[in-house]
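Fit chain B to the known structure of chain A by using the hints.
Here is how the chains run, residue by residue.
There are 2 protein chains.
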Amino acid sequence: MPRHKLRVIPLGGLGEIGKNMMALEYGNDIIVIDAGLMFPGEEMPGVDLLFPDISYLLERQQNLRGVVITHGHEDHIGALSYMLSRLTLPVYSTRFTRELIAVDLKQRGVKASARLNVVTPGSKVALGSFTIEMFSVCHSIPDSVGLIIHTPQGVVVHSGDFKIDYTPVVGEPTNFSQLAALGGRDVLLLLSDSTYVELDGYTPSESLVRDTLDRIISEATGRVIVTTFASLISRIQQVLDVAVRRDRRVFVTGRSMKEIVSMALKTGYLAAPAGVLCRLDELRDLPHHRVIVLSTGSQGEPTSALVRMANRDPRSQVQIIPGDTVVISATTIPGNEAVVSKTTDSLFRQGARVIYDKLAQVHVHGHGSREELKLLLSLVKPKFFVPIHGEYRHLSLHGDLAQSMGIPKDNVFVLENGDVLELGRDSGKVVARTHAGVIYVDGLTTGTLDDVVLRDRKLLARNGLAVVTIAIDAENGKLAGRPRIITLGFVDAGEEQRLLEKSQDVVLAALDHGRRRLGEPGFVDTVVKDSLGRFFRERIHRHPVIIPVVVEAGRAWRKPTRQEA
Amino acid sequence: MPRHKLRVIPLGGLGEIGKNMMALEYGNDIIVIDAGLMFPGEEMPGVDLLFPDISYLLERQQNLRGVVITHGHEDHIGALSYMLSRLTLPVYSTRFTRELIAVDLKQRGVKASARLNVVTPGSKVALGSFTIEMFSVCHSIPDSVGLIIHTPQGVVVHSGDFKIDYTPVVGEPTNFSQLAALGGRDVLLLLSDSTYVELDGYTPSESLVRDTLDRIISEATGRVIVTTFASLISRIQQVLDVAVRRDRRVFVTGRSMKEIVSMALKTGYLAAPAGVLCRLDELRDLPHHRVIVLSTGSQGEPTSALVRMANRDPRSQVQIIPGDTVVISATTIPGNEAVVSKTTDSLFRQGARVIYDKLAQVHVHGHGSREELKLLLSLVKPKFFVPIHGEYRHLSLHGDLAQSMGIPKDNVFVLENGDVLELGRDSGKVVARTHAGVIYVDGLTTGTLDDVVLRDRKLLARNGLAVVTIAIDAENGKLAGRPRIITLGFVDAGEEQRLLEKSQDVVLAALDHGRRRLGEPGFVDTVVKDSLGRFFRERIHRHPVIIPVVVEAGRAWRKPTRQEA
Numbered sequence: 001m002p003r004h005k006l007r008v009i010p011l012g013g014l015g016e017i018g019k020n021m022m023a024l025e026y027g028n029d030i031i032v033i034d035a036g037l038m039f040p041g042e043e044m045p046g047v048d049l050l051f052p053d054i055s056y057l058l059e060r061q062q063n064l065r066g067v068v069i070t071h072g073h074e075d076h077i078g079a080l081s082y083m084l085s086r087l088t089l090p091v092y093s094t095r096f097t098r099e100l101i102a103v104d105l106k107q108r109g110v111k112a113s114a115r116l117n118v119v120t121p122g123s124k125v126a127l128g129s130f131t132i133e134m135f136s137v138c139h140s141i142p143d144s145v146g147l148i149i150h151t152p153q154g155v156v157v158h159s160g161d162f163k164i165d166y167t168p169v170v171g172e173p174t175n176f177s178q179l180a181a182l183g184g185r186d187v188l189l190l191l192s193d194s195t196y197v198e199l200d201g202y203t204p205s206e207s208l209v210r211d212t213l214d215r216i217i218s219e220a221t222g223r224v225i226v227t228t229f230a231s232l233i234s235r236i237q238q239v240l241d242v243a244v245r246r247d248r249r250v251f252v253t254g255r256s257m258k259e260i261v262s263m264a265l266k267t268g269y270l271a272a273p274a275g276v277l278c279r280l281d282e283l284r285d286l287p288h289h290r291v292i293v294l295s296t297g298s299q300g301e302p303t304s305a306l307v308r309m310a311n312r313d314p315r316s317q318v319q320i321i322p323g324d325t326v327v328i329s330a331t332t333i334p335g336n337e338a339v340v341s342k343t344t345d346s347l348f349r350q351g352a353r354v355i356y357d358k359l360a361q362v363h364v365h366g367h368g369s370r371e372e373l374k375l376l377l378s379l380v381k382p383k384f385f386v387p388i389h390g391e392y393r394h395l396s397l398h399g400d401l402a403q404s405m406g407i408p409k410d411n412v413f414v415l416e417n418g419d420v421l422e423l424g425r426d427s428g429k430v431v432a433r434t435h436a437g438v439i440y441v442d443g444l445t446t447g448t449l450d451d452v453v454l455r456d457r458k459l460l461a462r463n464g465l466a467v468v469t470i471a472i473d474a475e476n477g478k479l480a481g482r483p484r485i486i487t488l489g490f491v492d493a494g495e496e497q498r499l500l501e502k503s504q505d506v507v508l509a510a511l512d513h514g515r516r517r518l519g520e521p522g523f524v525d526t527v528v529k530d531s532l533g534r535f536f537r538e539r540i541h542r543h544p545v546i547i548p549v550v551v552e553a554g555r556a557w558r559k560p561t562r563q564e565a
Numbered sequence: 001m002p003r004h005k006l007r008v009i010p011l012g013g014l015g016e017i018g019k020n021m022m023a024l025e026y027g028n029d030i031i032v033i034d035a036g037l038m039f040p041g042e043e044m045p046g047v048d049l050l051f052p053d054i055s056y057l058l059e060r061q062q063n064l065r066g067v068v069i070t071h072g073h074e075d076h077i078g079a080l081s082y083m084l085s086r087l088t089l090p091v092y093s094t095r096f097t098r099e100l101i102a103v104d105l106k107q108r109g110v111k112a113s114a115r116l117n118v119v120t121p122g123s124k125v126a127l128g129s130f131t132i133e134m135f136s137v138c139h140s141i142p143d144s145v146g147l148i149i150h151t152p153q154g155v156v157v158h159s160g161d162f163k164i165d166y167t168p169v170v171g172e173p174t175n176f177s178q179l180a181a182l183g184g185r186d187v188l189l190l191l192s193d194s195t196y197v198e199l200d201g202y203t204p205s206e207s208l209v210r211d212t213l214d215r216i217i218s219e220a221t222g223r224v225i226v227t228t229f230a231s232l233i234s235r236i237q238q239v240l241d242v243a244v245r246r247d248r249r250v251f252v253t254g255r256s257m258k259e260i261v262s263m264a265l266k267t268g269y270l271a272a273p274a275g276v277l278c279r280l281d282e283l284r285d286l287p288h289h290r291v292i293v294l295s296t297g298s299q300g301e302p303t304s305a306l307v308r309m310a311n312r313d314p315r316s317q318v319q320i321i322p323g324d325t326v327v328i329s330a331t332t333i334p335g336n337e338a339v340v341s342k343t344t345d346s347l348f349r350q351g352a353r354v355i356y357d358k359l360a361q362v363h364v365h366g367h368g369s370r371e372e373l374k375l376l377l378s379l380v381k382p383k384f385f386v387p388i389h390g391e392y393r394h395l396s397l398h399g400d401l402a403q404s405m406g407i408p409k410d411n412v413f414v415l416e417n418g419d420v421l422e423l424g425r426d427s428g429k430v431v432a433r434t435h436a437g438v439i440y441v442d443g444l445t446t447g448t449l450d451d452v453v454l455r456d457r458k459l460l461a462r463n464g465l466a467v468v469t470i471a472i473d474a475e476n477g478k479l480a481g482r483p484r485i486i487t488l489g490f491v492d493a494g495e496e497q498r499l500l501e502k503s504q505d506v507v508l509a510a511l512d513h514g515r516r517r518l519g520e521p522g523f524v525d526t527v528v529k530d531s532l533g534r535f536f537r538e539r540i541h542r543h544p545v546i547i548p549v550v551v552e553a554g555r556a557w558r559k560p561t562r563q564e565a
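Line by line, the protein sequences are chains A and B.
Its first residue numbered 1, the first sequence is counted upward by one per residue in our numbering.
Its first residue numbered 1, the second sequence is counted upward by one per residue in our numbering.
Keep in mind that the hints were calculated from the coordinates and are not lab data.
Some hints here could point you the wrong way.
One copy or two, either will do: identical chains are not told apart, so a pair holds if it fits within one copy or between any two.
Straight-line C-alpha distance at most 25 angstroms; calculated SDA-like pairs for lysine to any residue [unchecked claim]:
{"id": "1", "residue 1": "LYS358", "residue 2": "LYS374"}
{"id": "2", "residue 1": "LYS458", "residue 2": "ASP313"}
{"id": "3", "residue 1": "LYS458", "residue 2": "GLU301"}
{"id": "4", "residue 1": "LYS409", "residue 2": "ASP281"}
{"id": "5", "residue 1": "LYS266", "residue 2": "ARG185"}
{"id": "6", "residue 1": "LYS342", "residue 2": "GLU43"}
{"id": "7", "residue 1": "LYS458", "residue 2": "VAL118"}
{"id": "8", "residue 1": "LYS124", "residue 2": "ALA114"}
{"id": "9", "residue 1": "LYS342", "residue 2": "ILE439"}
{"id": "10", "residue 1": "LYS458", "residue 2": "VAL438"}
{"id": "11", "residue 1": "LYS106", "residue 2": "ARG539"}
{"id": "12", "residue 1": "LYS502", "residue 2": "ALA102"}
{"id": "13", "residue 1": "LYS458", "residue 2": "GLU43"}
{"id": "14", "residue 1": "LYS381", "residue 2": "GLY122"}
Predicted model only: the values in this text are computed from it and were never measured.
Chain A on its own, in the form it takes in the complex (with noise of 0.2 angstroms):
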């Protein structure tokens, strides 16, 4: 009998769609899975990124074994950087993935002292108490793997991000057999995707859009502009290989498309015969139909190419002509869907023709929809079930459909970063709750998310600011002169001269009662910003924030500048 439970702890991407981190322990190993970034919302403005919480790791550095990533897409290695500059612990992953890790550690300027190992779909690895084997699967990035971890416990499958793909343009298809093998033995518990879980079906196959390019291009008299994600290695193959059937030459435009194509071409991952690429200068020379050029900007990123090309940037390598087609090969991911419209617009604005997934079937998911996801319950049986990768509603109908094959509700956990779950043979129970909230990042500091910075950035966004200078003369404790109101932000130009004014005469009226002498500097402020919060309030129905600054002063009170009140 094991000593100990297994104890699975989800540290991000459970609840979100992003940085994914899961932790499990048995005794004194533990091992991580994935450790990846989140870009933040509207609801977090100045925030550059997201990063899990990695302090349960922090706290038992002795214990980690080595942290194991399932695929190279950013919101599974990108906290990488910020683990790694933090705690010493080797990476496994499989050779795509290794070659994307070090890109991303050598940009954020961390020591490539990295242990970063390549492991074989297929060979294993162990790791303390935990063996691993990865299993190929396929999804929208090559290499991409689900995981095997034979524990004392039992055995864990985590699915990584997939979808199954019988005819998959690059690598392999998703690997059943490895799993199959498993049937015989008990699987404790499976870890599943949960993504695409509100779709019935299947998600189609990658070569499904062939079809659809080889059309658009063949019918296209013009050039043809694809933007798709840099690391979707097969969309770009697809590219390349009309492009030699229809006797075009592609131009690759953008830095992380470049390099990532560069990378891809030198690690076998791409084949592009030879010729079919070309330089911007050769570009120049070619008649409009024998050219596709190949962007980023698929999530309408303000410095991406697509987006220089939609706003006539001259920078721009490449500028829209009409007569263009612009085929966008992606979906919009979820919070980019005001700033992609904005990009399709200008295309259109300019004479592009645009062929986007709503038109035309240019792109396909990379995860299973609801009958993969039964597949893969079904062919690993396992006796526990926690739903991953997902916003909250997408881990509850997940739930609800391992339910509906065959496992028992008790055993289905639908979990929230840092949720403890502790598992033995024969029962679960989630036993505690760590830390796991969010680091971000902002500029150069990294650290825990300051609610108030973010209130206060929401607050003068909304209402805007008002900075009110009163000054004290010194020697009699009585006003020295009228208060000075700079605002920001919260009044049109017309009308601000007029309100300027006003709001002066509220701060004298309510400070200058009696012509007494003043009380306390805090007790100035609080006159401040009540007596002039309500006249904003009731004069214009705003609330912007009151910045009182208080100073005592000679009588050689300054005049008020031209930017002033």
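Chain B only, in chain A's frame:
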């Protein structure tokens, strides 16, 4: 021969979904079609509403003959309050629309003296050189119409917002007979709804939702909470119908839902069999399987009934109980994705089963898909075509569709707000651009959009601010003590103190060079902004807004208080 050209001037709703307004001008006669508002996106923090710019109309007041409203949605009636408080002109609409306009004008404090005329579809209204005839169309609100406008240059058909539904639940199917009667005559111009031009085929009938609702409600063992748009009377009717069939009673919650249901019952647009609607006290005595709650909140509006339930707001009349089924019988309007998603997740977390459009057909759109747009084009056979009501991509795609239906390219005008299109019997041309900006409502302020205010707000939101108070000794012109710096929203509390002390040093070093007299306040401002700006940029990669406050003070420079450095 007509003496003038017909002028078509879109003032809102082209290149955007919202604030629809179209002017038609012939000689000295102007009519306006619709007067809608728009809700701003995240890029306009603090802005409450947007209205079309009506300066074209204000400059030609004496020529205005009336405003004709196609239906009662806010993007078609919401700017009437703004317009009617600045212009005197009669309003023409169907009866249900009139009721909604009256409520809206009252809420916004516009005098009831506005002449709100009710028009019956089929009858004619003469407005100067124009004669207007309304025809019934199906849309997601009762009493929607399109317009047949007789002008000296020929007939103009305005589709309104429409779909083709042969089995509508409330009101009339789209009336082809009036349009077909035009078939013999020449139609000069078709203005047609472009919202769903991206969708192939036909938009399903409203009656399709009935089966889904019936299945969900009959299968639910607990309470069912249905949320939809308050003005989607046909959906509300279906909920009442299913309630009767399944022996449930309906409790209505949410201010706007209550108001509109009550109005629709009074005016006969909604039929509730006796006893089906119940009060809060009756609700409490009913077993769960006999309860339906009808509520607002499908767009995640913070103060709506559903969001209060999702957040366990103690003020909510209804609290979620595990076992509740929540049906979100609506589509998410672009821009609301994040809040709707958060609301859904919160409902799941509380143990509700939530059913939304991705999981079942609980909603159908109110706008026609491509085949319906083609049907209208082929029925009306216009000489000229102007796509309306859509983002630029929708207008562009609708223009292509019209060409594919045989309208010559030169007769299709993809316009933008402010374009002045002149039409004769044989040719048309955009002859000018008029001012068609945006009027924004921010608290009680209504005015033109000041880019500086918005830029400042975004800057503040992303970077926060630093107020730097510099005291200059009134006698010797030198610095009187250390600068004081107050920051808001740009560093987290942990690092703040150290950073502020260093930033004081930076200002001191920049100003106190040689301890000579300081220059003009304007010069001091610049030195402070430059030196601190550089410091924050290099140190924390941030660009806070820096507000220097320069005061000439006596020697009694007060010590900083706690909240300042």
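Hints, verified against the model:
{"no.": "1", "hint": "LYS358 <-> LYS374", "result": "between (27 angstroms within a copy, 18 angstroms between copies)"}
{"no.": "2", "hint": "LYS458 <-> ASP313", "result": "between (31 angstroms within a copy, 22 angstroms between copies)"}
{"no.": "3", "hint": "LYS458 <-> GLU301", "result": "both (23 angstroms within a copy, 17 angstroms between copies)"}
{"no.": "4", "hint": "LYS409 <-> ASP281", "result": "neither (63 angstroms within a copy, 35 angstroms between copies)"}
{"no.": "5", "hint": "LYS266 <-> ARG185", "result": "neither (41 angstroms within a copy, 68 angstroms between copies)"}
{"no.": "6", "hint": "LYS342 <-> GLU43", "result": "both (20 angstroms within a copy, 12 angstroms between copies)"}
{"no.": "7", "hint": "LYS458 <-> VAL118", "result": "neither (45 angstroms within a copy, 44 angstroms between copies)"}
{"no.": "8", "hint": "LYS124 <-> ALA114", "result": "within (21 angstroms within a copy, 80 angstroms between copies)"}
{"no.": "9", "hint": "LYS342 <-> ILE439", "result": "between (31 angstroms within a copy, 21 angstroms between copies)"}
{"no.": "10", "hint": "LYS458 <-> VAL438", "result": "both (19 angstroms within a copy, 24 angstroms between copies)"}
{"no.": "11", "hint": "LYS106 <-> ARG539", "result": "between (54 angstroms within a copy, 21 angstroms between copies)"}
{"no.": "12", "hint": "LYS502 <-> ALA102", "result": "neither (61 angstroms within a copy, 35 angstroms between copies)"}
{"no.": "13", "hint": "LYS458 <-> GLU43", "result": "both (8 angstroms within a copy, 12 angstroms between copies)"}
{"no.": "14", "hint": "LYS381 <-> GLY122", "result": "within (20 angstroms within a copy, 66 angstroms between copies)"}
Against the hints set out earlier in the document, violations occur for numbers 4, 5, 7 and 12.
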